[in-house]
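A.B. asks: This is what each chain is made of:
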Amino acid sequence: MYDVLIIGSGGAGLSAALAARDTGAKVAVLGKNYPTRSQTSMAQGGINAALGHVTPDSVQSHIADTLKSADTLGDEKRISRLCEKGPDAMKWLDRLGTPFSRLEDGRVAQRRLGGAAAARACYAQDYTGLKILHTLYDNTLKSEVEFLDEYFLLNFIVEESRVLGVTAIEMKSGEVKAIGAKSIVIASGGYSGLYRGFTTNSVATTGDGIAAAIRAGCVLGDMEFIQFHPTALEKSGILISESARGAGGKLLDGAGERFVDELKPRDVVAKAIWEKIESGESVYLDIRHLGEEFIEENLPQERKLARFYEGVDPVKDLIPIKPVAHYTMGGIEVDESHMSAVDGLFAAGECANAHVHGANRLGGNSLLETIVFGREAGENAAAFAKAHGEVKPASSEQFEKDRNFVAAIGHFTNQIDFYEKREFMGKIFYRNVGIIRNEMGLKGVLSVIRQMQKELPFMGIADKSKECNTNLTDFIEFGNMVELAEVVLIAAIGRNESRGAHQREDFPKKDDEKFAGVHSLAWKEAGTLCNEFKGLA
Amino acid sequence: MKIRIRRYHAMRKPSSVVQEWEIPDGLTLLEALAWIKEKKDPTLTFRSGCRSSVCGSCSVRVNGKERLACGYKPKEGDLVEPIRFAPILKDLMVDQKAAFDTLKRAKTWLESFRSDAVVTPKEEKRTELQSDCILCHSCYSACPVYESDAQFLGPFALTRDWRYIADPREGEPMGKIEAIQAKGVWDCTLCGECTAVCPQGIDPKSDILMLRTKSVQSGYNDPNMEQFGSFGLDF
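Residue numbers (our numbering), protein chains in the order written: chain A, 1 to 537; chain B, 1 to 235.
Hints listed in this document are in silico derivations from the structure and should not be mistaken for laboratory results.
A few of these clues could be false.
[As the list claims (entries may be wrong)] Below, simulated EDC-like cross-link-like pairs (lysine to aspartate or glutamate); rule was C-alpha separation at most 20 Å, straight line:
(1) Lys-73/B with Asp-313/A
(2) Lys-466/A with Asp-95/B
(3) Lys-125/B with Glu-144/A
(4) Lys-125/B with Glu-420/A
(5) Lys-97/B with Glu-144/A
(6) Lys-13/B with Asp-463/A
(7) Lys-40/B with Glu-423/A
(8) Lys-514/A with Asp-75/A
(9) Lys-125/B with Glu-104/A
(10) Lys-13/B with Glu-467/A
(11) Lys-104/B with Glu-423/A
(12) Lys-40/B with Glu-292/A
(13) Lys-39/B with Glu-423/A
(14) Lys-125/B with Glu-292/A
(15) Lys-122/B with Glu-297/A
(16) Lys-466/A with Asp-41/B
(17) Lys-304/A with Glu-128/B
(18) Lys-39/B with Asp-313/A
(19) Lys-125/B with Glu-297/A
(20) Lys-172/A with Asp-101/B
(21) Lys-235/A with Asp-25/B
(22) Lys-104/B with Glu-144/A
(23) Lys-39/B with Asp-22/A
(24) Lys-104/B with Asp-149/A
(25) Lys-97/B with Glu-170/A
(26) Lys-125/B with Glu-293/A
(27) Lys-304/A with Glu-31/B
(28) Lys-235/A with Glu-278/A
(29) Lys-40/B with Asp-463/A
(30) Lys-91/A with Asp-116/B
[Stated by the list, open to error] Here chain A is said to cover these stretches of chain B; the calculated rule only asks that three of the stretch's residues, wherever they fall, bring their Cβ under 8 Å from a Cβ of chain A:
(31) 5-13
(32) 50-61
(33) 104-110
(34) 118-127
(35) 131-144
(36) 157-168
(37) 216-222
A quick note: this is a predicted structure, and the numbers were derived from the prediction, not measured.
C-beta atoms are modelled at their ideal positions from N, C-alpha and C, and glycine is treated no differently.
Isolated chain A, as found in the complex (with noise of 0.2 Å):
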């Protein structure tokens, strides 16, 4: 039995392990990979803090730029709470040993990112959350947090509305286990993962936490706003970072002339790039002008990517890109003490929606989110796991119920190819539900969604051995990314506006009167999708 048990071992996941096992908790962190694999290791841009190194700069700034991006949808109490303990968050990750880069005078160096009204961005090259996961991952085997490495989340154990632990696959063994916590942190990241072959994110990211938390009974919040990565290479989606913009990267199109100021937020900069793309043109990213001694300082990894998967060196040659699906800003609501729905259940990181980004984030803001956050709730997780004591489920329904589950998989059909219909979903919701929308198109892949949830007994795997089976834990990941499809359908379908990144062609206005501070929620009543748009006039 653990005090604390947390789900996902990225930035916010070790945060809120550390956080929780200074109080001195006992903590264990499950993933589905080992801990230093988790998309976090791919932030490249920065993590805001206004500490004003650079320029000058004040924590209202950074709550004022961050409010205007969430245009609406952004909670200034929480926003405000974020911003005030960047510094501070800051100070935290110097005394574990982050790697930051530096200035002259010894101070963490900042740089500018998009819709940013200062450099608030602090990095450490273009190696940002690679160096901040890291550093975390050190310092929890300093404070003896345990891992359940490769245990893959099925399901939460929820009586009475409390949670009490989860079910989750030993990938190793194959066998299901019910893993009892008193408390839990779900921070197992974000969703883009349902724009397969179109997004900037590790393949890794399809939802798991989400989907098991609506099934608990967990509310979800602003699930259609979906960040598109204004700059992602051409052929394999691979990140290009803000950074090369911030530092004076230009955006040309197929005439070689520039089209859209490169520093806007990344909603309005991802629409100009689309709207030609879609007229025909090729975009691209130039570099060139800032040097090749620059480029090797501050953008090494960016001229690394270029070359390997583009072939394109960016000290001499344009970069072919395009946007992608890069960050959700919907997922699990949270209250204040970013608890669910569901008792000892709570939530941080990418996988929540804690109402700080809104209808758009800021580049630098979701790392932010997850150091603060993180350490927020694992502190009150170790508080709910103090106040309230253990108690162990009544039944054993759930664990069995997925340890049937499981075996039961490997004995569906297999008819049809699911690896086909994930290739597929992710060309559609890139198509249908990306940068541009239309009812249209959002119906048409809400039919192909409920299909596919009709087809899932005929698909299955055909890898039939128990032991480190990733051809099932595919198909589940399939399902749950099935799952989260039809939420993120459901909300975009009913939102007739223009919102941050969610952009209608056929409601291209921004409709204040009807969804200014109105979010969207999805939950589930006895297995059936509800949802409602709160305070909906």
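Based on these hints, arrange chain B on the given structure of chain A.
C.D. replies: Here is chain B on its own, set in the frame of chain A:
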């Protein structure tokens, strides 16, 4: 194009076989593995993640050399095998627990924060490359010391110790220096295989040399030299 993959399954006889696959041109090795799994044989088992050489999940051996599958373009006839010195679980997937545990044994963290430390860009640059490590375990697999000593701390754990020892913010480096005396810095043969395979261009060999100097400065001796010196002086 044809590539060969060494498959492993404990329950099959023989447990290890080499299979040949025809794959489309122009893919990375990771894309080729995914293509085989999704289109031809869903039982093929390997790890993958970011696809862009930063998460460290997909290291394998190609023709005896460690590579990130996502950062390598296959060539005709390549033989793809799992990385070494870790029990094979299935196909290209190995149990990496023991290798990860070297970090804890080597105490790879900042033990005590010095609040008066000033980290200038010059100081930060000293270990910038070392902190680029993605823990892909390529160096671990390439290290010949593991052929005879499974308890060796190994290249990535030692490099990470150096990254913290050389950090001006570290107030108590001695715990780490002590932790690397047995099965650590003196057991390395300085062959440089680790350096040759690192996808991040890190040079554990030179970090280990720095750690040796630091060890001597801290009052530790090369245990091999002690034995050697006693009869060496007779000449």
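A.B. asks: Next, verify each hint and record whether it holds.
C.D. replies: Going down the list of hints, with the structure as the test:
no. : hint                     : in the structure
1   : Lys-73/B with Asp-313/A  : 17 Å, holds
2   : Lys-466/A with Asp-95/B  : 16 Å, holds
3   : Lys-125/B with Glu-144/A : 30 Å, violated
4   : Lys-125/B with Glu-420/A : 46 Å, violated
5   : Lys-97/B with Glu-144/A  : 15 Å, holds
6   : Lys-13/B with Asp-463/A  : 17 Å, holds
7   : Lys-40/B with Glu-423/A  : 15 Å, holds
8   : Lys-514/A with Asp-75/A  : 18 Å, holds
9   : Lys-125/B with Glu-104/A : 12 Å, holds
10  : Lys-13/B with Glu-467/A  : 16 Å, holds
11  : Lys-104/B with Glu-423/A : 40 Å, violated
12  : Lys-40/B with Glu-292/A  : 43 Å, violated
13  : Lys-39/B with Glu-423/A  : 11 Å, holds
14  : Lys-125/B with Glu-292/A : 19 Å, holds
15  : Lys-122/B with Glu-297/A : 13 Å, holds
16  : Lys-466/A with Asp-41/B  : 16 Å, holds
17  : Lys-304/A with Glu-128/B : 17 Å, holds
18  : Lys-39/B with Asp-313/A  : 33 Å, violated
19  : Lys-125/B with Glu-297/A : 11 Å, holds
20  : Lys-172/A with Asp-101/B : 17 Å, holds
21  : Lys-235/A with Asp-25/B  : 14 Å, holds
22  : Lys-104/B with Glu-144/A : 9 Å, holds
23  : Lys-39/B with Asp-22/A   : 48 Å, violated
24  : Lys-104/B with Asp-149/A : 15 Å, holds
25  : Lys-97/B with Glu-170/A  : 14 Å, holds
26  : Lys-125/B with Glu-293/A : 16 Å, holds
27  : Lys-304/A with Glu-31/B  : 18 Å, holds
28  : Lys-235/A with Glu-278/A : 16 Å, holds
29  : Lys-40/B with Asp-463/A  : 12 Å, holds
30  : Lys-91/A with Asp-116/B  : 13 Å, holds
31  : 5-13                     : holds (count 3)
32  : 50-61                    : holds (count 8)
33  : 104-110                  : holds (count 5)
34  : 118-127                  : holds (count 7)
35  : 131-144                  : holds (count 5)
36  : 157-168                  : holds (count 4)
37  : 216-222                  : violated (count 0)
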